[in-house]
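These protein sequences, in sequence, are chains U and D. Using our numbering, read the first sequence as starting at 15 and increasing by one per residue. Using our numbering, read the second sequence as starting at 59 and increasing by one per residue.
A portion of the hints provided could be inaccurate.
[What the hints assert, rightly or not] SDA-like, lysine to any residue: derived pairs with alpha carbons at most 20 Å apart:
hint, chain 1, residue 1, chain 2, residue 2
1, U, LYS98, D, PRO103
2, D, LYS140, U, GLN127
3, U, LYS98, D, LYS118
4, U, LYS98, D, ASP101
[Claimed, not checked] Label pairs and their in silico Cβ distance ranges:
hint, chain 1, residue 1, chain 2, residue 2, range
5, D, VAL142, U, GLU99, 31 to 39 Å
6, U, ALA110, D, GLN76, 37 to 45 Å
7, U, ARG63, D, GLN150, 22 to 30 Å
8, D, GLN109, U, GLY103, 18 to 26 Å
Note that these hints are calculated values from the structure, not bench results. Yeah, the Cβ is synthetic: ideal placement off N, Cα and C, and Gly gets one too.
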Amino acid sequence: MQSIAIINRHAPHGSSHGQEALDLALVAGSFGQEVGLFFIGDGVFQLLRQQQPETILRKNYSKTFAALEFYDINTIIVCQDSLKERGLGEDDLSVAVELLSPTALTTRLKQFQHIVSF
Amino acid sequence: MILHLLRSSPFSALDIAQSLALMDQDDGLLLMQDAVYALQGQDQPWFEQLQQRQGIYILKEDMQARGLSHCPSFIEQVDYSKFVTLTLTFDQVVTW
Numbered sequence: 015m016q017s018i019a020i021i022n023r024h025a026p027h028g029s030s031h032g033q034e035a036l037d038l039a040l041v042a043g044s045f046g047q048e049v050g051l052f053f054i055g056d057g058v059f060q061l062l063r064q065q066q067p068e069t070i071l072r073k074n075y076s077k078t079f080a081a082l083e084f085y086d087i088n089t090i091i092v093c094q095d096s097l098k099e100r101g102l103g104e105d106d107l108s109v110a111v112e113l114l115s116p117t118a119l120t121t122r123l124k125q126f127q128h129i130v131s132f
Numbered sequence: 059m060i061l062h063l064l065r066s067s068p069f070s071a072l073d074i075a076q077s078l079a080l081m082d083q084d085d086g087l088l089l090m091q092d093a094v095y096a097l098q099g100q101d102q103p104w105f106e107q108l109q110q111r112q113g114i115y116i117l118k119e120d121m122q123a124r125g126l127s128h129c130p131s132f133i134e135q136v137d138y139s140k141f142v143t144l145t146l147t148f149d150q151v152v153t154w
C-alpha cells in the first residue's frame, strides 16, 4: 500500500483545483491507498460550511468532504495559522479536522511517500 | 471616476493593496469572485484602509457561493444586474 498526501492551497470555485484534489483523494482511497488531505493558505476556504456554488453555476463538491470517511480517508489536516489569519475557527468548517501548527503539519506531511499539491 | 474590479483572493494577491493605493475619493471598488474573501480580512493591514473608503461593493452571488454571509455595513452588496449598472455609471472600469 502506498501513502499519498494531497495539499490544497487554492480557494474553491475560483478555480477547479479543489475539485480535482478531491477527485484524486477519492480515487486513491477507493484503490485502498492511504490518503492524507492537507489544507493550507486559501485552501482552508474549501472546508467552509454553507457554500452555495449553484448560484454561480458551479458544482457543490463541498458536500463530498463529509463522505470521505466512507473512502477510509480520515486524515484531514488544516493549518492553524492559515485559519486564524482568515478570521476562521474550527466551527466554521463542514467536517472534523486536525488543526496543526505549520511545523507540525510539515512533520506529518513528511510521513507520506508521495506528495501532490493543488 | 474609476471602478476597480478585484477578482483574486486578497490573501494570496496584492491587488487589493495596490488598487486602494491608486483610488481617489470618488472611485469605486467592487469585490467579486475570490476577492470576496476580503470579508475575512479583519486582521489584515489593508482592511483598515478599506474601511475608510466610500464606494466599496461586493457581488452577492460570489459571496453566497463561497459560504460567506456576514458583510460589514461599509461594503454595499450588489447582484449581477446592479453590477452592470455600476459599470455604466463610472467613467472607466479597471480589471485587476
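Evaluated hints:
1. LYS98(U) / PRO103(D): holds, 15 Å
2. LYS140(D) / GLN127(U): With a Cα-Cα distance of about 51 Å, the restraint between LYS140(D) and GLN127(U) is violated, given a limit of 20 Å.
3. LYS98(U) / LYS118(D): It is violated: about 24 Å lies between the C-alpha atoms, which goes past 20 Å.
4. LYS98(U) / ASP101(D): holds, 9 Å
5. VAL142(D) / GLU99(U): 31 to 39 Å: holds, 34 Å
6. ALA110(U) / GLN76(D): 37 to 45 Å: holds, 38 Å
7. ARG63(U) / GLN150(D): 22 to 30 Å: violated, 38 Å
8. GLN109(D) / GLY103(U): 18 to 26 Å: holds, 22 Å
The structure shown violates the earlier hints numbered 2, 3, 7.
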